[in-house]
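Engineer: Whenever a hint applies, use it, and build me the whole structure from the sequences.
Now for the letters of each chain:
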Amino acid sequence: MDFGYTIWIFVLPILSFLAIGLLGTRPALTGRSELLRGRVWGWIGTGAVFGSWLLALVTAYRYFFVLGTPDGHRPVVFGAKWVWMRFSEHLSFDMGILLDPISVMMLVVVTTVSFLVHLYSTGYMAGERGYARFFAFLSLFTVSMLGLVVATNIFQMYFFWELVGVSSYLLIGFYYDKPSAVAAAKKAFIVTRFADLGFLIGILILSYYAGTFDFQTLVSAGGPVLGGPAGRSFMGLSVFGWALGLIFMGGAGKSAMFPLHIWLPDAMEGPTPVSALIHAATMVVAGVYLVARLFPLYHEVDGGAILRLVAWTGGITSLIAALIAMTQEDIKRVLAYSTMSQLGYMMLALGVSGLHGHEGLGYMASMFHLFTHAMFKALLFLGAGSVIHAVHSNLMRDMGGLRKYMPVTHLTFLVACLAISGIPPFSGFFSKDEILAAAFERDKLLFVIEYAVAGITAFYMFRIYFGIFWGRERTYAHTPHESPAVMTIPLVVLAILSVLTGLVPFGEYVTADRTPYHGHINWPLALASIAVGVVGILVAKRFYQRPNDLPARAAEMWGRWYKWTRDKFYIDEIYQFVAHKIMFAGIAAPVAWFDRHVVDGFMRGLGWMTETFSLLIADLQSGRVRQYAFVFMGGLIALVLLVLFVTGLLNG
Amino acid sequence: MDLLSMLIFIPVLTVLVLFFVKDMRAVRVVSAVGIGLEALAVIRLTSLYVQARHAGATADFLFTRDVPWFRPLNIHYYVGVDGIAISMLLLTAIVLLAGVFVSWSIEDLTREFYISLIVLGTGVFGFFVSLDLFTMFLFYELAVIPMYLLIGIWGSGRKEFAAMKLTLMLMGASALILVSILGIYFYGGRTFNMEELATTRIPLDAQRFFFPMAFVGFGVLGALFPFHTWSPDGHASAPTAVSMLHAGVLMKLGTYGAFRVAMYLLPVAAREMAPFFMVLAVIGTVYGAFGAIKQRDLKYINAYSSVSHLGLIFLGLLALNRTGYTGAVLQMISHGLMTAVFFALIGMIYGRTHTRDVTRMGGLLKVLPFIGAVYVITGFASLGLPGLSGFVAEMQIFVGAFRNADMYHRVFTVLAVSAIVVTAVYILRVVGMMLMGPLKDPHYQDLPRVYWYERLGGLLVFIPVVLIGVAPLWLTNLIWDSMEPIVRQLSQYMQ
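Residue numbers (this note's numbering), protein chains in the order written: chain A, 1 to 652; chain B, 653 to 1147.
Source of the hints: derived by calculation from the structure; they are not laboratory data. From the three backbone atoms N, C-alpha and C, an ideal C-beta is built for every residue, glycine too. A hint or two may mislead.
As the list claims (entries may be wrong) - Quick partial rundown of chain B residues pointing at chain A, CB under 8 Å, derived from the structure:
1) Leu834
2) Ile945
3) Lys946
4) Leu1037
5) Gly1039
6) Val1051
7) Arg1055
8) Ser1070
9) Val1077
10) Leu1080
11) Pro1090
12) Lys1092
13) Tyr1096
14) Thr1128
15) Trp1132
Unchecked claim - With a Cα cut of at most 20 Å, we get these calculated PhoX-like pairs of lysine-lysine:
16) Lys1018(B) - Lys178(A)
17) Lys178(A) - Lys1092(B)
18) Lys404(A) - Lys581(A)
19) Lys1018(B) - Lys1092(B)
Structural biologist: Quick look at the structure:
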């Protein structure tokens, strides 16, 4: 079966990126026409991604249902593959399209969310300065993200990995005249770049010890990593263990795992559709996807030591993020911490997974949660965007009672909150339940943490739900009104998806060994997780549905703890200290001083000696540059001749 | 006349014509036409070269021409090119042409300025096609000397001081180069012919003595730590086109010479001393990047950035394998283009705001969108973003450097790789301070627009950055294929 057409999934957004980027941002071209200055660019971008979306759906249909499982496995198919650059005779840097269950699933996720966000943005961004620029960046991001998910080799993945990072930078800093946006963009890029340093070094280790970047060769049982001898070891881990650990560092940075998470909350400075697309549904799951892509290696190398690191990183992240989310005032930040927490779930699920059959439950659950989370979290962000659009503030204290004014937003937001809280039949219930089951079977302590986090999640989500749509009645300067149809339609579509995606028999399609697996709901666990979710919701209802003094009393009661979570455990301050006191004041400033005074001082000392000497022969100074040049050339020629003469004599 | 001699002849002819042109406008047109023809000739040469290789030409150097001009000492005018030289010629032609356009608005001694600039270019072209060490050295000097005048007369700030400092350091380096060339000449059987020299085995003691001289001599021009301090002052004072040519092309004379002369002709010593010089390269990479973080002057930032990027070139060379060499040559091209874009843009910005202090600027993206956008993208190239030329070069260098599996090499390679984070810090700092944020000075609202010649000059050097980054294979193959003799040379004495 031919999948060659899949290249068009990329070409369409590339074309729209070039068209919008080169033409749409030129005032000379667009200034004359009202149309060219405005919406046409948004529709070009949206149309291109719509095309990609259709193609991705066709691909998914053909891959999962037409191609099926010819030999009991879902096959790996290449849509395209070519050599992009060569490192040596045997080592090349390829580009291509690899189709397997997770990449096809991701194609669907990315194009779906991207299309809906594009559509939504045509309304949300209407009338903003830089409208065309916004859509150019969105297209760039879409291309990069698609390139990342279908990468045939780890270097291609790194290539697009960096490109999604830069699109994220550009979009966080979209309002570039706002200092806080500029700072947030810079922070996001530098923190992830630091993490990517690990990723790159991991790739370099593979380049030498494995001799290939190709995913298929790398993860195959007889491949250079799993098939060969364990290789050299360094400080207790094999070289491949180091490589995987370093690569995970890259993944942890992109997926905002503790302690590399500090950029994600600040990234909320970007326009809200960007937060929905990049910082909730797609880019931030790249780290999870990376681990899933190399999963057989993580599972086997060094007895799964790195995989345990993955599991605990995920577990700790989900707990810390959930705690912080409880006390934030800015609704986008609550959602950002919630994203972090859910990403922690996904990482943890991978970390407790095995490779085959029921053992591989965690892998399946992780990908399932990635899928459902993309839908309901995009919905949450877009809903929040709709609210922000209406009240012109991000802060919960400026909101309240909005259910009357914005019925569609209200209902869709409620669906998303129920989904993330794990209430059946909404999608989050099914995927989260599988994760809890997988954790329960592997590690009881991690299970307890995640179980608690499930309750906290329900609490903080309904805290903002009640805070926005119920709570204190307010009088608004401009009466809030429901958003236009281009914005509410994506909300409704995502709400429907948030209900339906949970019913997909996911194990049929996506498993660690690409063999279909029939999962069952573990009802005792499921009931327990529903219970904790309901408790969280009820507490939130009691606290926030009507104005009362419970929140303030609780804050007082928890005193220091409350302050700690509100101040995000002071992790940012630690980074500030490292960046400013150590990097800037401790290294950069001394280097600059050293260079100007010591290194250059030495060179100048030589110059001074020359000058002093020249004062002795100062009569030659006439101040005429031309004469200097002649004397200089003459002297040089004389010197050359002299040296030739002397050495010639000596040797001849 | 053969094509390679044409490459030297066209600029010489342009200079001769310029002597008879009085009108300022005519001077520019003549220069542009002359250098434009030169660029076309280089492109023609490239296509002929590729065709010849496809047709199966196997000689190390093609289009060679040998004319003895000083028989008693066996000095020849001997020229020829391989893929490495060709890619450097392409770089030179592009940067020189861009420099001609960027200097369009110079009104002070226009003719003399262009004459000096093109003389400098002649030297560079001659240097890259020469296969005779002596001729090569002459062209080298021809390229370095006009620099003094260009900075001293058309420069800004402490120009006399900078010109003197730069010239003195480079002349000191020239002395080292000259001595080492003479050493190679006498111990290599009294010939300056590089092809012949490559086949004769120079005694080990001589190699050990002359290799450091040649490497450091060329290294000074290539801003090898700790001999880089001429570069910040020199660049800061030089006029725009001169900074572009200097950082873009002239510094590559240093790295190219260190490769072609020092390493190629003295391979055993190169092998022995590579670990030591690699340390200097890595220090330069990291140190340059940290140095750039604290600077406020745009040109200083770019100068320190160059020290960092050139450190990577040396790292690639000293990796002593084909991947590393290829990466080093790619980095020469990539850095040459990037830094030329930067200096061109800095010139445009300075021409409008009359300051190069980043702390006094802000929000320029809004008022100068073309300059801002190109600056940002080139900044990304500089920090090694995929899809732009820097990534292609750096990855080759890193993969090449990683081929050396001992702990010593590993530690220094990883240190060099970590500079990519520091690079991101200083690039984004400048972008954030200068281009983004609120408009700091209300006068910036009505800065003059970007003129056509500025746009053209900038795009000439900017577009290849993108092209190489998107489709690097043709260039990497061109360079890779020409590494054969050098790899043979450097591996033949392996223990």
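Engineer: Against this structure, judge whether each hint is valid.
Structural biologist: So, going through the hints one by one against the coordinates:
| no. | hint | verdict |
| --- | --- | --- |
| 1 | Leu834 | 6 Å, holds |
| 2 | Ile945 | 4 Å, holds |
| 3 | Lys946 | 4 Å, holds |
| 4 | Leu1037 | 6 Å, holds |
| 5 | Gly1039 | 6 Å, holds |
| 6 | Val1051 | 5 Å, holds |
| 7 | Arg1055 | 6 Å, holds |
| 8 | Ser1070 | 6 Å, holds |
| 9 | Val1077 | 6 Å, holds |
| 10 | Leu1080 | 5 Å, holds |
| 11 | Pro1090 | 5 Å, holds |
| 12 | Lys1092 | 11 Å, violated |
| 13 | Tyr1096 | 12 Å, violated |
| 14 | Thr1128 | 6 Å, holds |
| 15 | Trp1132 | 7 Å, holds |
| 16 | Lys1018(B) - Lys178(A) | 12 Å, holds |
| 17 | Lys178(A) - Lys1092(B) | 12 Å, holds |
| 18 | Lys404(A) - Lys581(A) | 51 Å, violated |
| 19 | Lys1018(B) - Lys1092(B) | 11 Å, holds |
Against the hints set out earlier in the document, violations occur for numbers 12, 13, 18.
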